[in-house]
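Colleague: Here is what each chain is made of, one letter per residue.
There are 4 protein chains.
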Amino acid sequence: MIPDDSSRILEQLCAVIAERKQGDPECSYVASLHARGLNKILEKIGEEATETILAARDSEQSGDSAELVGEVADLWFHSLVMLAYFDLDGSAILAELARRSGLSGLEEKANRTTP
Amino acid sequence: MIPDDSSRILEQLCAVIAERKQGDPECSYVASLHARGLNKILEKIGEEATETILAARDSEQSGDSAELVGEVADLWFHSLVMLAYFDLDGSAILAELARRSGLSGLEEKANRTTP
Amino acid sequence: MIPDDSSRILEQLCAVIAERKQGDPECSYVASLHARGLNKILEKIGEEATETILAARDSEQSGDSAELVGEVADLWFHSLVMLAYFDLDGSAILAELARRSGLSGLEEKANRTTP
Amino acid sequence: MIPDDSSRILEQLCAVIAERKQGDPECSYVASLHARGLNKILEKIGEEATETILAARDSEQSGDSAELVGEVADLWFHSLVMLAYFDLDGSAILAELARRSGLSGLEEKANRTTP
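Residue numbers (this note's numbering), protein chains in the order written: chain A, 1 to 115; chain B, 1 to 115; chain C, 1 to 115; chain D, 1 to 115.
Quick caveat, the hints were computed from the structure, so don't treat them as lab data.
For glycine and all other residues, C-beta sits at the position ideal for the given N, C-alpha and C.
Each hint should be verified, as a subset may be incorrect.
Said to hold, decoys possible - Partial pick of chain C residues on the chain B-facing surface, computed with a CB cut under 10 Å:
hint : residue
1    : Asn39
2    : Leu42
3    : Glu43
4    : Ile45
5    : Gly46
6    : Ala49
7    : Glu51
8    : Ile53
9    : Leu54
10   : Ala55
11   : Asp58
12   : Ser62
13   : Leu88
Model the full assembly from the supplied sequences, consistent with the hints where possible.
Modeller: What follows is the structure, encoded as structure tokens:
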């Protein structure tokens, strides 16, 4: 279960990314990705997807999921960095997930609360 | 901002996926993916990553982000389906995102509340 | 070793692809990909790359390379279909491979014989 | 057209890769990839596939295909490095391309001349 205490992690992480995007590329990884442009961010998404796939195969053989969790976290993180490039954040994804997954109550709420 | 009302979407979606994984592959997309095995789930992650990359390039040209949001939602959804294959869910990813991103308060909370 | 008799396979395959590209999308897979546009061709490259990666992991476990050979062939085939979209063919790739790989004699020949 | 003089580039490149695979990882890129293992080689295939996709979109906008040719060459090169990991080379791919593409004469030749 996703703990109540961490339910706002995505929201806070998106706020951090939006702030760092404006920062000094010398000091911030997020700022450096944005300074290098959209293709560089998209290359990272391709890389992290490949690493997720390989880590899943490793995890199936080893029974250890720590590497896999790390790779999915990297994939989602770079997805959020890419969304920030378009001035979007994770809320749009959560609303779409609710809508597509037929979570009817959730869908209604998401539609009500996102612009 | 991620609306308060939708903050539990990920948690509820993971519960739905975990339940559907056990279901009839004829009736449930999630069950059919699990019945076809890990490679089929990983192929979907590769496909959705590529479609996300192409949608981002389209979005940059068109200024319309609806397709992009849909592709990232698909990528995250199939990530969650893959995690369910390993009996994991989104909580592990949120905890790792908090830890890696140096969200110190969040990290502390995530460490406190995840096993 | 690549047999002498098959050394012109790539050349002949590129000629076939260039011809089929102009054909009826109802009758030709190559024509149907071109009719659906560049994104559809690029999605296929992403899919075949993922399938190649998974087949390599399978091959390492099983010791059987037939599936892997088929997936790399698919990846190269769709690369050639994509090059045809830009009115290019495999000769440009072979010349670049010679140049980059420091095959000095080959590089010299490739530079001499490509326009 | 693929020039006659360059028709054996793939054969010679495969021979170079097979030889370098045995070499000093400090001196040879191919040897260093093999020393780092199959996952590292597969990560490179994923990376080069993503870069090919992005270069194709760039090329469509700019009309310049030099970057695209370089990325496809990188993708094919790393495919050959991966095949060498399994003691295979480009001949298996050419034979399969001939067989799948219904190049009947070529297929017959390829079947005749490959083991």
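Colleague: For each hint, tell me whether it holds in the structure or not.
Modeller: Hints and how they fare:
At a threshold of 10 Å, the smallest CB-CB gap from C/Asn39 to chain B is about 5 Å, leaving the interface hint in force. A hinted interface residue such as C/Leu42 counts as satisfied when its beta carbon comes closer than 10 Å to some beta carbon of chain B; here the least separation is about 6 Å, so the hint holds. Hint on C/Glu43 holds. Least Cβ distance to chain B is approximately 6 Å, under the 10 Å limit. A hinted interface residue such as C/Ile45 counts as satisfied when its beta carbon comes closer than 10 Å to some beta carbon of chain B; here the least separation is about 8 Å, so the hint holds.
With a cut of 10 Å, the hint placing C/Gly46 at the interface with chain B holds, because the nearest CB-to-CB distance is about 3 Å. Contact between C/Ala49 and chain B, as hinted, is supported at the beta carbon level, the nearest pair being about 7 Å apart and thus within 10 Å. At its closest, the beta carbon of C/Glu51 sits 6 Å from a beta carbon of chain B; the interface hint therefore holds under the 10 Å criterion. The beta carbon of C/Ile53 is positioned within 10 Å of a beta carbon in chain B (closest approach about 8 Å), and the interface hint is therefore held.
Residue-level restraint check for C/Leu54 holds (minimum Cβ-Cβ distance to chain B is 5 Å; threshold 10 Å). Given the 10 Å rule on beta carbons, the hint for C/Ala55 holds: about 9 Å separates it from the nearest Cβ of chain B. Interface hint at C/Asp58: satisfied, since its Cβ lies 8 Å from the closest Cβ of chain B, which is below the 10 Å cut-off. Restraint check, C/Ser62 versus chain B: the minimum CB separation of about 13 Å is more than 10 Å; hint violated.
Violation of the interface hint for C/Leu88 is found here, the shortest Cβ-Cβ separation to chain B being roughly 20 Å, above the 10 Å cut-off.
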